[in-house]
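Student: Line order of the protein sequences matches chains A and B.
Just remember that this note's numbering sits 52 ahead of the position in the first sequence, which is counted from 1.
Just remember that this note's numbering sits 52 ahead of the position in the second sequence, which is counted from 1.
Derived from the structure by calculation, the hints contain no laboratory data.
A couple of the hints might just be wrong.
When chains are identical, the list treats them as one kind, so a pair holds in a single copy or across two.
Claimed, not checked - Calculated pairs, SDA-like style, for lysine to any residue (alpha carbon to alpha carbon, straight line, at most 25 Å):
no., residue 1, residue 2
1, LYS70, VAL254
2, LYS70, SER236
3, LYS171, ARG228
4, LYS171, PRO154
5, LYS156, GLN128
6, LYS156, TRP248
7, LYS92, ILE229
8, LYS70, GLY268
9, LYS138, GLU151
10, LYS171, GLY152
11, LYS138, LYS171
12, LYS92, GLY220
13, LYS156, LYS171
14, LYS70, ALA267
15, LYS70, PHE153
16, LYS138, GLU96
17, LYS156, ASP234
18, LYS138, GLY194
19, LYS138, GLY198
There are 2 protein chains.
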Amino acid sequence: MQIAVLGTGEVGRRLATKLVSLGHEVTMGSRTADNAEAVKWAEEHDGGHGTFADAAAAAELVVNATGGLVSLAVLQAAGAANLRGKVLVDVSNALDFSEGFPPKVVSPDGRSLAEQLQKAFPETRVVKTLNTMTNTVMVEPGRVPGAHNVFVSGDDEAAKTVVAGLLGSFGWPADRIIDLGDLSSARATEQLMPLWLRLYGVLGTGDFNFTVSVAGS
Amino acid sequence: MQIAVLGTGEVGRRLATKLVSLGHEVTMGSRTADNAEAVKWAEEHDGGHGTFADAAAAAELVVNATGGLVSLAVLQAAGAANLRGKVLVDVSNALDFSEGFPPKVVSPDGRSLAEQLQKAFPETRVVKTLNTMTNTVMVEPGRVPGAHNVFVSGDDEAAKTVVAGLLGSFGWPADRIIDLGDLSSARATEQLMPLWLRLYGVLGTGDFNFTVSVAGS
C-alpha cells in the first residue's frame with residue numbers, strides 16, 4: 053500500500069520503518085521537501101520524502117505522527133483534496149507542556165484532537181489508535197509481556213477494519229484490539245496520557261502498556 | 053480501627069461491609085442521622101450510623117465514598133475539626149452527566165478533586181486510591197484475573213503507608229499497589245474514568261481492571 057507518514061520525529065520514523073519492512077511504499081512528509089530527518093530516513097530505509105502535501109497526495113492511507121498541538125496545521129498543509137476519502141490513522145496526543153510537568157491534555161470543548169481533525173476534514177476517515185503507548189511498543193507489541201491492549205476509535209467501520217489489519221501486521225492479535233466505538237471515544241484514550249506520563253516517571257521506562265483484565269475471562 | 057465511611061451508596065456500603073468483616077468499627081455517615089440506607093446497613097452489619105460529622109468525629113480514618121460532585125460539601129458538613137490530622141481515603145470521581153454520556157470529568161483549573169479536598173482541609177491527610185475500578189473489585193481483587201493494579205496518590209507518606217496496609221487487608225498484594233507520587237498524580241487516575249466508562253460499555257460489565265504490563269518483567 054502507498055502510505056504517507058506525516059511527522060519526522062521518533063514516532064513517525066518508527067512507524068515508517070515498520071511499514072517499509074512490511075512491504076509498503078512509504079513517503080515521509082514534513083514541512084519542507086528537504087527536511088534533514090526525512091531525507092536521512094528515506095535514504096536509509098528505501099522510502100520517499102516530501103512535503104506534507106506531496107506525501108498525502110501519493111498515499112492511499114495517511115498516518116498522523118505529528119505532535120498533537122500542530123496536527124491541525126499539518127493536515128491543512130497536506131491539503132483537504134489530498135486527504136479526501138483516505139484513512140487517516142491518528143496516533144498523536146495534544147500535550148501542552150507550557151506550564152511544565154505534568155502537561156495538560158489539550159481538548160477544546162472537552163472534545164478529542166481526533167474529533168477536531170475529523171471535523172476539519174469531514175471527507176477523511178479518521179481512526180484514532182496507538183496513542184496510548186510508546187512507539188517501540190506500537191510496532192513490536194511482543195516486547196511487553198501479557199495480553200496487553202490497543203484501542204481503536206472511529207466513525208467509519210470500513211476504515212477501522214483497514215486499521216485493524218494494519219495493527220495485525222504489526223503483531224497485534226485481533227483479540228487484543230479493543231474497538232471503543234465512534235470517534236468521540238478518542239477522548240477516553242487521549243485522556244489516558246496523564247496516567248501514562250506518571251507511570252513513565254514511576255517505572256523509569258516507557259516500555260510498558262495497559263492490559264484490560266476482565267473477571268471470568 | 054475506628055473508621056468513618058462517608059456515603060451510603062453502593063461504593064460506601066461495599067467498603068463499609070468489607071471493613072466490618074476485617075474487624076474494624078465502622079460508622080456510616082450521611083447527611084441526616086436517620087438516613088434509611090445507613091440505618092439498614094448498620095443493622096445488618098453491626099455497624100454504626102450518624103451524620104457526616106458524627107461519623108468523622110469518632111473515626112481515626114475517614115473514607116470519602118460520596119459522589120465527587122458533592123464531596124467538598126460533604127467534608128464541610130463533616131467539619132474540619134473532625135477531619136484534622138486524619139487520613140482521608142478518597143475513592144470518589146467527579147463526573148458531570150448533565151450533558152449525557154459520556155460525562156465530563158470535573159477538574160477546575162485542571163486540578164484533581166483530591167487536590168481540591170486537600171486544599172480545603174490542609175490538616176487532613178488525603179490519599180486518593182481505588183477510584184479506577186468498580187466497588188466489587190476494590191474489596192475483592194481476586195475476582196479479576198492477572199496481576200492488575202491499584203494506584204495511590206498523596207502528599208503524606210505515612211498516610212500512604214496506612215492506606216497500603218488497608219489495601220493489603222482487602223487482598224491487594226504490595227507489588228500491585230502503584231504509588232504514583234504526590235496528590236497531583238490523582239489527576240491522572242481521575243482522568244482514567246472516561247476510558248473506564250467506554251470499556252464498561254464495550255465489555256458490558258464493570259467487573260474489570262487495568263494491569264500495567266512492563267517490558268522485561
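Student: Within, between, both or neither: how does the pair LYS70, ALA267 come out at a Cα-Cα threshold of 25 Å?
Tutor: between (35 Å within a copy, 19 Å between copies)
Student: Are the CA atoms of LYS171 and GLY152 at most 25 Å apart within a copy, between copies, both, or neither?
Tutor: between (30 Å within a copy, 21 Å between copies)
Student: Have a look at LYS70 and VAL254 and pick one of within, between, both or neither, based on CA distance no larger than 25 Å.
Tutor: neither (29 Å within a copy, 30 Å between copies)
Student: If the cut is 25 Å between Cα atoms, do LYS92 and ILE229 qualify within a copy, between copies, both or neither?
Tutor: Neither: 33 Å inside a chain and 44 Å across chains, both beyond 25 Å.
Student: Have a look at LYS138 and GLY194 and pick one of within, between, both or neither, based on CA distance no larger than 25 Å.
Tutor: neither (29 Å within a copy, 45 Å between copies)
Student: Since the copies are identical, ignore which copy is meant and state whether LYS92 and GLY220 lie within 25 Å (CA to CA) inside a copy, between copies, both or neither.
Tutor: The answer is neither: 28 Å in one copy and 53 Å across copies each exceed 25 Å.
Student: Is it within, between, both, or neither for LYS138 and GLU96, if the alpha carbons may be no more than 25 Å apart?
Tutor: neither (27 Å within a copy, 61 Å between copies)
Student: At most 25 Å between alpha carbons: which applies to LYS156 and TRP248, within, between, both or neither?
Tutor: both (13 Å within a copy, 20 Å between copies)
Student: Measure nothing new, just compare the shortest in-copy and cross-copy C-alpha distances for LYS138 and GLU151 to 25 Å and report within, between, both or neither.
Tutor: Cα proximity of LYS138 and GLU151: none, with 36 Å in one copy and 32 Å across.
Student: Using 25 Å as the alpha-carbon threshold, which applies to LYS70 and PHE153: within, between, both, or neither?
Tutor: For LYS70 and PHE153, neither the intra-copy (31 Å) nor the inter-copy (37 Å) Cα distance is at most 25 Å.
Student: What label fits LYS70 with SER236 when the C-alpha limit is 25 Å: within, between, both, or neither?
Tutor: neither (28 Å within a copy, 37 Å between copies)
Student: For the identical chains here, do LYS138 and GLY198 meet the 25 Å Cα criterion within one copy, between copies, both, or neither?
Tutor: Result: close neither inside a copy nor across copies, 33 Å intra and 39 Å inter.
Hint compliance for this structure: hints 1, 2, 3, 7, 9, 12, 15, 16, 18 and 19 are not met, and every other hint is.
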